[in-house]
Amino acid sequence: MVDSSEVHPADVAVLACAEAFRGDGEIFASGMGTIPLLGSRLARATFEPDLLVSDGIAFFVDGELPLGSQNRQIEGWIPFRSVFDTLWGGRRHVIMGASQIDGSGNTNIANIGDWHRPKVQLLGMRGGPGNTINHAVSYWIPKQSQRVFVEAVDMVSGIGYDRAASLSPWVRQNHRIPRVVTNLAVLDFDNDDNRMQIQSVHPWSSVAEVVDATGFELVVPDEVPISRSPDTAELDALNRLDPKGVRHREVSV
Amino acid sequence: MTSPRDKTMTADAAVATLESGMTLGIGGWGSRRKPMSLVRALLRSDITDLTVVTYGGPDVGLLCAAGKIAKLLYGFVTLDSIPLEPHFRAARQGGTIPEVVEYDEGMLQWGLFAGSLRLPFLPTRAGLGSGVMEVNPDLKTIRSPYDDDEELLAVPGIRLDAAFVHMNRADSRGNAQYLGPDIYFDDLYLGACDPGHRFVSCEKVIPTAELGSEGSFHTLKINRSMVDGVIESPNGAHFTSCEPDYDRDEGFQTAYATAARDPEAWAGFVEKYLSGSEADYQEAVNGR
Numbered sequence: 004m005v006d007s008s009e010v011h012p013a014d015v016a017v018l019a020c021a022e023a024f025r026g027d028g029e030i031f032a033s034g035m036g037t038i039p040l041l042g043s044r045l046a047r048a049t050f051e052p053d054l055l056v057s058d059g060i061a062f063f064v065d066g067e068l069p070l071g072s073q074n075r076q077i078e079g080w081i082p083f084r085s086v087f088d089t090l091w092g093g094r095r096h097v098i099m100g101a102s103q104i105d106g107s108g109n110t111n112i113a114n115i116g117d118w119h120r121p122k123v124q125l126l127g128m129r130g131g132p133g134n135t136i137n138h139a140v141s142y143w144i145p146k147q148s149q150r151v152f153v154e155a156v157d158m159v160s161g162i163g164y165d166r167a168a169s170l171s172p173w174v175r176q177n178h179r180i181p182r183v184v185t186n187l188a189v190l191d192f193d194n195d196d197n198r199m200q201i202q203s204v205h206p207w208s209s210v211a212e213v214v215d216a217t218g219f220e221l222v223v224p225d226e227v228p229i230s231r232s233p234d235t236a237e238l239d240a241l242n243r244l245d246p247k248g249v250r251h252r253e254v255s256v
Numbered sequence: 271m272t273s274p275r276d277k278t279m280t281a282d283a284a285v286a287t288l289e290s291g292m293t294l295g296i297g298g299w300g301s302r303r304k305p306m307s308l309v310r311a312l313l314r315s316d317i318t319d320l321t322v323v324t325y326g327g328p329d330v331g332l333l334c335a336a337g338k339i340a341k342l343l344y345g346f347v348t349l350d351s352i353p354l355e356p357h358f359r360a361a362r363q364g365g366t367i368p369e370v371v372e373y374d375e376g377m378l379q380w381g382l383f384a385g386s387l388r389l390p391f392l393p394t395r396a397g398l399g400s401g402v403m404e405v406n407p408d409l410k411t412i413r414s415p416y417d418d419d420e421e422l423l424a425v426p427g428i429r430l431d432a433a434f435v436h437m438n439r440a441d442s443r444g445n446a447q448y449l450g451p452d453i454y455f456d457d458l459y460l461g462a463c464d465p466g467h468r469f470v471s472c473e474k475v476i477p478t479a480e481l482g483s484e485g486s487f488h489t490l491k492i493n494r495s496m497v498d499g500v501i502e503s504p505n506g507a508h509f510t511s512c513e514p515d516y517d518r519d520e521g522f523q524t525a526y527a528t529a530a531r532d533p534e535a536w537a538g539f540v541e542k543y544l545s546g547s548e549a550d551y552q553e554a555v556n557g558r
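Read top to bottom, the protein sequences are chains A and B.
Under my numbering, the first residue of the first sequence is numbered 4, with each subsequent residue one higher.
Under my numbering, the first residue of the second sequence is numbered 271, with each subsequent residue one higher.
Check each hint, because a few of them may be wrong.
What the hints assert, rightly or not - Partner residues aside, some chain B positions facing chain A, computed with beta carbon under 10 Å:
#: 1; residue: S315
#: 2; residue: I317
#: 3; residue: Y344
#: 4; residue: V347
#: 5; residue: T348
#: 6; residue: V370
#: 7; residue: Y373
#: 8; residue: D374
#: 9; residue: E404
#: 10; residue: Y416
#: 11; residue: P426
#: 12; residue: E484
#: 13; residue: D519
#: 14; residue: G521
Said to hold, decoys possible - Footprint (simulated), chain A over chain B, 3 or more residues, beta carbon under 8 Å:
#: 15; region: 277-291
#: 16; region: 351-361
#: 17; region: 459-473
#: 18; region: 498-506
Just so you know, the hints here were simulated from the structure itself, not pulled from any lab data.
Every residue, glycine too, gets a C-beta built ideally from N, C-alpha and C.
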């Protein structure tokens, strides 16, 4: 193990995103933004070698593709229409961002305030509704706070467990939020009520800090472990995938 | 014996066939391979009150800024490398788009596909349970007639009065070719559009016999039965990307987005780039 005093927050965050894909096998591992993208590539480079990862344009790439590199080995073609086919077919797990998230995992990337005349127009629905109803969607939130972790989101662009529960048996079977990774903790919904709970806290954080940065009641298990830090092989892979250390600018503690 | 139809025309002639109040589909995706020269021709015209259907980019921003949109149906509006389109953002926050229909990205594909197949709707799960259902109260669901009895969202088919797409190559008869990595949904806009106003601009008009040597047959997804007018428009997607002919002009896009955030700067941008012909625009771009 690496001495925890040498661990960089971004490395723990990327590894926590990579862990979201553990056990996924041969599916499209997709990540929106630097940390999730590196997470998918780290998982593929280490413990999930059969994952498919894309260059973010229209191709699946083989081997290790460092951030910013154009030197890709194409193994498949994935234009947007095929992305939709793949995601409606369920062969995908994406880590998205969210401007707001609630205790059931409903998320908002669309707008702040009333949709009819938003206070702040954000990205819009994008693919959130289709993603969340068809396959596993995890989230990366770079700055956990009560502004983001809210009692109720202003617009549901990604459906949570309570809304999925009101839909068909098929939806209940296929809707899944494996984890939410933040700058403070890893959270999940693995309890009978599917309410957000703390899975682990990062080495520099604490349960009290995570609870304090959450605007709804969080389920806190009796024992909360510390998030895993990358081992030597994982750290080596991470440095190959992000040689310039772009990830370190993405995580504030 | 008569000759095959020659569909070549100018962008201004294409726009002159349109009428205010039409439903217009615009191809491309975000800030990628947008038919910008046709959009610029639209800005020069008196056409207004449009219903615009698109995976939006600067086309939507420019039409919002010019006040030409009565109704907007979109999956998103983005400049890709700049996540939020500033004119669109200002229009939404200022409430200046009279009617807005926001879909999930996949729903929009489904609407165009249903329209192109002349079906009233296509079923999907995308959108169910989400805010899409709350902000679009006209959307209806339908139960599977089979044993599963599942309730699905019926995305209504979208029919267009006019369609604009930009391709890399085309012949004068309307066979059109994309040479980049993605056709996006351009064939669906043309398919969902009634004959009469289906316009394809392209980087270069070439003889039919040369289409096969420009790219593999897989690149020939748009045939002439889907096209009414062909407009040769070099650099016509500028400042959006048009691979492999050119990448997005990021410097220009940044200048566009910066100007769009400030009314005074925007007036200067319009004066400099959007007050003359397409040739004037290209000359001003070259002179930067």
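Go through the numbered hints given earlier and state which of them the structure violates, listing their numbers in rising order.
Numbers 1, 2, 10, 11, 12, 13, 14, 15, 17, 18 - these are the hints that the structure violates, sorted from lowest upward.
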